[in-house]
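Peer 1: For the record, the sequence lines run as chains R and E.
If you're matching positions, the first sequence starts at 5 in this note's numbering and goes up one per residue.
If you're matching positions, the second sequence starts at 5 in this note's numbering and goes up one per residue.
Any given hint could be a false lead.
Any copy, or any two copies together, can satisfy a pair, since identical chains are not distinguished.
Once the Cα atoms are required to be at most 25 Å apart in a straight line, the calculated DSS-like pairs of lysine-lysine come out as [unchecked claim]:
| id | residue 1 | residue 2 |
| --- | --- | --- |
| 1 | LYS154 | LYS9 |
| 2 | LYS205 | LYS174 |
| 3 | LYS69 | LYS11 |
| 4 | LYS205 | LYS11 |
| 5 | LYS213 | LYS154 |
| 6 | LYS205 | LYS154 |
| 7 | LYS95 | LYS237 |
Rather than coming from a laboratory, the hints here were simulated on the basis of the structure.
Now for the letters of each chain:
Number of protein chains: 2
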Amino acid sequence: MTEGKRKVEVCFSPVIYPEFRNDEAIVVIVDILRATSAIVTAFMNGVKSIIPVATLEEARAWKEKGYLVAAERDGIVRDFADFGNSPYNFKREVIQGRDIVYSTTNGTNCITTAAHSYRVLIGAYLNLDALAGYVIRENRDLLILCAGWKNKFNIEDSLFAGALAEAVLKNNNYSTMCDSVHASMDLWNLARNNMMNYIEKAAQRHRLKMNKLDDVIEYCHTPNLTTLIPMLKENYLTLAD
Amino acid sequence: MTEGKRKVEVCFSPVIYPEFRNDEAIVVIVDILRATSAIVTAFMNGVKSIIPVATLEEARAWKEKGYLVAAERDGIVRDFADFGNSPYNFKREVIQGRDIVYSTTNGTNCITTAAHSYRVLIGAYLNLDALAGYVIRENRDLLILCAGWKNKFNIEDSLFAGALAEAVLKNNNYSTMCDSVHASMDLWNLARNNMMNYIEKAAQRHRLKMNKLDDVIEYCHTPNLTTLIPMLKENYLTLAD
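The following block holds chain R by itself, in its conformation from the complex:
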């Protein structure tokens, strides 16, 4: 931590992550539809910890050890799993006080990718302002890592990146020279007052609809339902102080 301002950067895809790697930064993982929204919801409903795993094989192995397992690919629950990727699956009566294991198409992979950073946090609209406040209090560089869709850019994660970047950049200690930050803030400002309409452009919105999984779109875009921030600690997610 030297002189000068802290920087804000946005990485639109996990495959670009090596170009942004910054071990001194706070990395916020974003997979709005639906992994990070589901993770924040799980903590709102009293989960004790979440172990993110990249592969279905790992998820299955944890299941055999007796853990409660959430696992999906392309939005579809895997047969060995207890449930899938909808925030509505993570109900208090099922998960309170439990350690659960979680594997998704895009989001959980990113979490472990960034494990070497100063801190890895889980971001969603649900905890937007709390995240911005945390980053500013810690006075660290911020790298927002969008899970995207199978390594491609996606709209819903980028919009959220714009919202979070804008909130942090309001603080005078922060600045940016990152083109992805400017682009995501501009997209966020196009979308913010008309989000449910704008999000119709997102391919993932239509994938979820096709699979009758789109009941969560509005919920996943609801800001500030909680001040809880899930954080990676060793190999599991727990609540940040």
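Add chain E to chain R, keeping to what the hints say.
Peer 2: Same frame as chain R, but now just chain E:
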């Protein structure tokens, strides 16, 4: 070529390219500041062919064989090269009727990456409408490959991608389900009426200014100065019919 509409996609970074690879598509390479603008300019000024090479070692080897060589990294001309990356370097009196070799930080690499596609074209504002017309006449999928900056997203290439995507999508045979297309068209429509102001957000605009190389910004954003389209043929660029 089967039924259904042709698709338009945008790839924001060469490292995401494997996810978009489509051997039946026309791939348009974009590096607005400055490689693809310079290549189009070279053909406007009568160059016979351009051999794009990825590494400086290759460029140097061609120089030793007697070729005219343009080679830069991070905007700076390499000592062994005849000139660098400014469109203004590719003057008629120097290049007319010549075969030249060209290596840049980002752009030339992309050209060879996409070599297996149905066709690889060089895109710039300078030949925007001609490109759109060519793609529509060929009735092929369009993949716009942004060179970006060292594998990161950049603003200037994405804005152009939005302009080209929009022009092609006006044709009824084309549609898109690609989030990057929607994002780039929205950014393009934010920027288009105020481009010299908007482009101030681009990090590359400031890099060029720092190196006193920003005399080309307005030129590189001038639409439709030519109908010429450089095209990859085997290992060199020549004019498309």
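Peer 1: Given a CA cutoff of 25 Å, do LYS205 and LYS174 count as a within-copy pair, a between-copy pair, both, or neither?
Peer 2: between (28 Å within a copy, 17 Å between copies)
Peer 1: First find the shortest C-alpha distance between LYS69 and LYS11 inside one copy, then the shortest across copies, and answer within, between, both or neither for a cut-off of 25 Å.
Peer 2: neither (42 Å within a copy, 46 Å between copies)
Peer 1: State whether the alpha carbon distance between LYS95 and LYS237 is at most 25 Å within one copy, between copies, both, or neither.
Peer 2: Close inside one copy (23 Å), not across copies (59 Å); limit 25 Å.
Peer 1: Are the CA atoms of LYS205 and LYS11 at most 25 Å apart within a copy, between copies, both, or neither?
Peer 2: between (30 Å within a copy, 15 Å between copies)
Peer 1: Could you figure out if LYS154 and LYS9 sit no more than 25 Å apart (CA to CA) within one copy, between two copies, both or neither?
Peer 2: Between. Shortest inter-copy distance 23 Å satisfies the 25 Å Cα cut-off; intra-copy 33 Å does not.
Peer 1: When no copy is named, should LYS205 and LYS154 be tagged within, between, both, or neither for a Cα gap of at most 25 Å?
Peer 2: within (17 Å within a copy, 28 Å between copies)
Peer 1: How would you classify LYS213 and LYS154 at a CA-CA limit of 25 Å: within, between, both, or neither?
Peer 2: Classified as within: same-chain Cα gap 18 Å, cross-chain 36 Å, threshold 25 Å.
Going down the numbered hints, you'll see the structure goes against just number 3.
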